Amino acid sequence: MSPGNITLYIFVLAAFASVMVMLFTRTVFYAALALIVCLISIAGIYALLYAEFLAITQLVIYAGGVLVLILFGIMLTNRIAGKPLITESNHRVPGVIVAFGMFLTLIVAYQQTSFNTAESPPAQGNHINQIGIELMSTYVAPFEIGGLLLLVCLIGAALMASSFKKNDNA
Amino acid sequence: MTMPEYTILFTLGAFLFSAGLFIVFTKRNAIMILLGIELMLNAANLNLIVFNRQNPTSFEGQFFALFVILVAVCEATVGIAIILKAYHYFHTAVPDQISDLKEKN
Numbered sequence: 001m002s003p004g005n006i007t008l009y010i011f012v013l014a015a016f017a018s019v020m021v022m023l024f025t026r027t028v029f030y031a032a033l034a035l036i037v038c039l040i041s042i043a044g045i046y047a048l049l050y051a052e053f054l055a056i057t058q059l060v061i062y063a064g065g066v067l068v069l070i071l072f073g074i075m076l077t078n079r080i081a082g083k084p085l086i087t088e089s090n091h092r093v094p095g096v097i098v099a100f101g102m103f104l105t106l107i108v109a110y111q112q113t114s115f116n117t118a119e120s121p122p123a124q125g126n127h128i129n130q131i132g133i134e135l136m137s138t139y140v141a142p143f144e145i146g147g148l149l150l151l152v153c154l155i156g157a158a159l160m161a162s163s164f165k166k167n168d169n170a
Numbered sequence: 001m002t003m004p005e006y007t008i009l010f011t012l013g014a015f016l017f018s019a020g021l022f023i024v025f026t027k028r029n030a031i032m033i034l035l036g037i038e039l040m041l042n043a044a045n046l047n048l049i050v051f052n053r054q055n056p057t058s059f060e061g062q063f064f065a066l067f068v069i070l071v072a073v074c075e076a077t078v079g080i081a082i083i084l085k086a087y088h089y090f091h092t093a094v095p096d097q098i099s100d101l102k103e104k105n
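Chains E and G supply the protein sequences, listed in that same order.
Mind the numbering: the first sequence is residues 1 to 170 in this note's numbering, read in order.
Mind the numbering: the second sequence is residues 1 to 105 in this note's numbering, read in order.
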């Protein structure tokens with residue numbers, strides 16, 4: 001048991017526990033906070049798997065951006081001020097069957113696949129440097145298309161969410 | 001990194017995906033459904049990073065995960081905008097209660 005292993009197990013346990021909270025809580029706000037804990041734990045796992053750039057991206061974009069947006073959404077769709085937003089659940093039995101079946105399918109698929117389990121050292125040199133170079137050479141087309149997609153989403157979401165006044169008159 | 005750790009990480013990925021699927025399937029609030037979708041995307045990303053760790057000479061898995069995060073951000077933004085708009089029209093964020101294409105007069 002090396003210190004890296006123990007850290008990995010702590011992160012895995014934190015992700016597992018926070019997802020259990022998400023499954024069993026009825027308050028949407030608590031579920032969003034548990035998802036933040038889960039995403040931060042996954043960022044820690046990324047850092048331990050030598051994906052430092054992805055870890056930072058996960059922290060900044062998910063835990064810092066998307067979840068704050070979702071918290072805003074929760075607060076803006078709460079009709080009765082002061083009361084927490086409660087979600088009911090339905091179709092519980094089919095949900096359990098589908099989710100458990102999916103879990104079993106994935107586990108069986110993992111066990112039937114032979115992975116490259118050799119102890120392999122990480123790539124040499126500065127990872128973030130190499131990622132930047134590859135992003136601007138090999139992956140420049142998806143990078144630019146992604147930028148365009150973000151711009152379209154930004155304008156579309158702002159237009160959709162901000163035209164309240166005009167529709168009130170219609 | 002040895003085999004037991006990979007097994008644990010794969011199991012965690014499968015569990016996260018199944019939990020996200022369960023949340024999308026059972027919870028009635030639209031924001032809860034968005035949270036479930038984010039969880040499923042993160043499970044896929046976790047698997048991609050583990051695969052990339054097993055073939056560490058290239059960064060393909062990391063780039064795939066990066067673009068998945070990018071599309072997930074767009075999806076969350078547009079999803080929240082649609083939910084806010086639907087809430088403004090129908091005064092509810094429960095998709096089951098939204099069954100009209102146009103606001104009732």
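Each hint should be verified, as a subset may be incorrect.
To be verified - Computed footprint of chain G on chain E; a stretch qualifies when at least three of its residues, placed anywhere within it, have a C-beta under 8 Å from a C-beta of chain G:
no.	region
1	3-17
2	29-38
3	43-50
4	55-61
5	64-77
6	92-104
7	144-150
These are calculated hints, taken from the structure and not from any lab test.
The model shown is predicted, which means the values in this text are computed figures rather than measured ones.
Every residue, glycine too, gets a C-beta built ideally from N, C-alpha and C.
A quick look at each hint next to the structure:
1. 3-17: holds (count 6)
2. 29-38: holds (count 4)
3. 43-50: Held - the region 43-50 of chain E has 4 residues with a Cβ nearer than 8 Å to chain G, which meets the minimum of three.
4. 55-61: holds (count 3)
5. 64-77: Result for this restraint: holds, n = 9.
6. 92-104: Coverage by chain G holds for the region 92-104 of chain E (9 residues, Cβ < 8 Å).
7. 144-150: That given contact holds, which follows from 3 residues of the region 144-150 of chain E lying within Cβ reach (below 8 Å) of chain G.
Taken one by one, the earlier hints all hold for this structure without exception.
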